[in-house]
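Trainee: Sequence:
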Amino acid sequence: MEQLLKEIKLLSQKEPKTLEQMALKLSEEVGETSQAVLSYIKASGSEYKQLGIGDVKEE
Numbered sequence: 001m002e003q004l005l006k007e008i009k010l011l012s013q014k015e016p017k018t019l020e021q022m023a024l025k026l027s028e029e030v031g032e033t034s035q036a037v038l039s040y041i042k043a044s045g046s047e048y049k050q051l052g053i054g055d056v057k058e059e
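Counting in this note's numbering, the final residue of the sequence shown is number 59, and the numbers go up one at a time with none missing.
Keep in mind that the hints were calculated from the coordinates and are not lab data. No residue lacks a Cβ here, since even glycine has one placed at the ideal position from N, Cα and C. One or more of the hints may lead you astray.
Result set (BS3-like, lysine-lysine): computed pairs, CA atoms no more than 25 Å apart in a straight line [what the hints assert, rightly or not]: (1) K6 - K25; (2) K17 - K42; (3) K17 - K6; (4) K25 - K14; (5) K25 - K49; (6) K25 - K57; (7) K57 - K42.
If you anchor each label on the Cβ, the simulated ranges turn out as follows [stated by the list, open to error]: (8) L11 - E32: 19 to 25 Å; (9) Y48 - K14: 39 to 45 Å; (10) L24 - I53: 40 to 46 Å; (11) L10 - Y48: 43 to 49 Å; (12) L19 - A43: 28 to 34 Å; (13) P16 - S44: 39 to 45 Å.
Taking the hints into account, I'd like the entire structure generated from these sequences.
Mentor: Written as structure tokens, this is what we have:
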């Protein structure tokens, strides 16, 4: 586990995005995943996108 944390730290130091940019990108990805799930389960207002399980897995 300690080795994994070291690797993550090294990778994060090489990341050119700022912490704010990474947080916004993460939020964007979560939103896209949410849209796919809502469409897949045919939630009210989301069915028109007609996304399937493949789209959910892709996100």
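Trainee: Failing hints, ascending?
Mentor: Per hint list: 2 and 10 violated.
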